[in-house]
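Given the coordinates of chain A, work out where chain B should sit on it, guided by the hints.
Residue numbers (my numbering), protein chains in the order written: chain A, 1 to 168; chain B, 169 to 592.
A few of these clues could be false.
[To be verified] Selected chain A positions facing chain B (in silico; Cβ < 8 angstroms):
| # | residue |
| --- | --- |
| 1 | A39 |
| 2 | S79 |
| 3 | M80 |
| 4 | L83 |
| 5 | C139 |
Don't read these hints as lab results, they were simulated from the structure.
Each residue gets a CB set at the ideal place from its N, CA and C atoms; glycine is no exception.
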Amino acid sequence: MNTIEVNNKADIFSTEIRGEIDQWVAKYPADWKQSAVMAALRIVQDANGGWLTTELMNDVAAYLDMAPIAVYEVATFYSMYELKPVGKHKICICTNVSCMINNSDRVVDHLEDRLGIKLGQTTEDGRFTLKEVECLGACGGAPMMQIGKQYYENLTPEIIDSILEGLE
Amino acid sequence: MVNEVCLRTLDLDRPWLLEQYQSRGGYEMLTRILKEKTPPEEIIEEVKKSGLRGRGGAGFPTGLKWSFISRNAPGQKYVVCNSDEGEPGTFKDRDILRYNPHQLVEGMIIAAYAIGATQGYNYIRGEFWEPYERFEAALKEAREAGFLGENLLDSGFDFELHAHLGGGAYVCGEETALLESIEGKKGQPRFKPPFPAHFGLYGRPTIINNTESLASIPMILKEGGPWFADIGVKNSGGSKLFSISGNLNNPGVFEIPMGTPFSELLEMAGGVKGGRKLKAVIPGGSSAPVIPGEQMMDLTMDYDAIAEAGSMLGSGAVIVLDDTNCMVKVLERMSYFYHEESCGQCTPCREGTGWLYRVISRIENGQGRQEDLDLLNDVAARISGRTICALGDAAAGPVAGMLKHFRDEFQYHIDHKKCLVGAG
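In isolation and in its complexed conformation, chain A is listed as follows (with noise of 0.2 angstroms):
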């Protein structure tokens, strides 16, 4: 696998996002780089505004010493990972059994009608993306959301209305 080669990997990113990286860096082994992929891809897309280029993640393989391949590879297998731009806040709904029975239905409805969107897509504005969700380990407070890093639960309409006027 070919790696991709850099003079300088100060030159890559800001000393902010290295000094994050090299965090997660250093809490595996010093042939083990390649660990912290998964921190630096999440910390790289969110200060990109929430999603992944393909030039980021180069600069993340070129960063660990991995090939862009490797990179590639998991950013698509795990799904918190956006290759499309997103709106400012991606809104995660379950829809698994316990928010499904507890009408996580509804909750789709009234977020696809007030924000005048389908899930899996964004706002004109850039505001929002709806997005469909796997079983977030909540169950207990089904119906339940995930904004950027926040669970919202016990979703009902008028709840849902007084996050989103909260939000930015």
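Relative to chain A, chain B alone:
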């Protein structure tokens, strides 16, 4: 008795803090072990006596798993905790991470001491940001107090522990997929043998245990293996965290003795919402075959009782369904999940899960054919036991269970192109 082990500090104001954990004897067991230099064999023996079985779902005896590691083999060994809680219906490890992270940390240090590991990782699912932050804060406190790092409490024993965040993949809850994921790869399960005890993380001997299993360790050692075993029943030692969700008045996590009647657990969860009739229960996460409500009301929550009823206790994720639910729709949603989460490595699972979903979906949507029912059983049977990991079995199991107990609903969908539930 409730909340005797993993949730025993839940009544405290901020139980996730070191000072509060220590106010209930936290880290006393670790301190005693390090001071007295307790022989590791004694620790493993005590865990064996406790009857603790893997709380992630497989139910493999924890002490036995630890004994597979050759403690004196040269080189690095690893302790890995599986906090990749993803089995639909399961939400207990999230509460351990949020409310009692120090007990997990203490359990992991003791596990490391027992097998001679100096490095550990806790794999936390990527969506669990709040639990991850609680765990990180606990690590920081533990490090500052000298419970992590080099030469713990002047014992000569070193142990460092880090969190690893997942990225959204159910299959990473499978232990070898989880190891691949820590190594920075796609989470595709490894062929076994070799088992992780011989060839684990970075090719080194590794034990992997569930969050609840490891968080149980300090209390097992403090009170003794037999104490823990006696909380539960034969073959099902201890208490267990049950995540109970669905059509309920008061869903949540309840730590109760193994062998507690399901009817009592249902009562704790406030009973079926709106006083409706209990139709069915999925007793151990969505991979566990469904059990009709009437039969469930006579069962106890332990490995043997649930297995004898044709299902499994799994992760202790109890999904309660009332009589408004269409079982075809429920199975359709579960099949979609396995199809979505199959890692694609083994053909029977990759193709079979899609096949199951499409057939169930057409029955649900009034396009079913008479031969579909046999076809479902046939496809499910051809996935089972023919894949590297248990995801294929998990996809197949619920199909057989649903067709066994609720065949009439599937038949009605095929005959009438509509749902029996609500058809009056």
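These are the hints, each one checked on the structure:
no., hint, verdict
1, A39, "holds, 6 angstroms"
2, S79, "holds, 3 angstroms"
3, M80, "holds, 4 angstroms"
4, L83, "violated, 13 angstroms"
5, C139, "holds, 4 angstroms"
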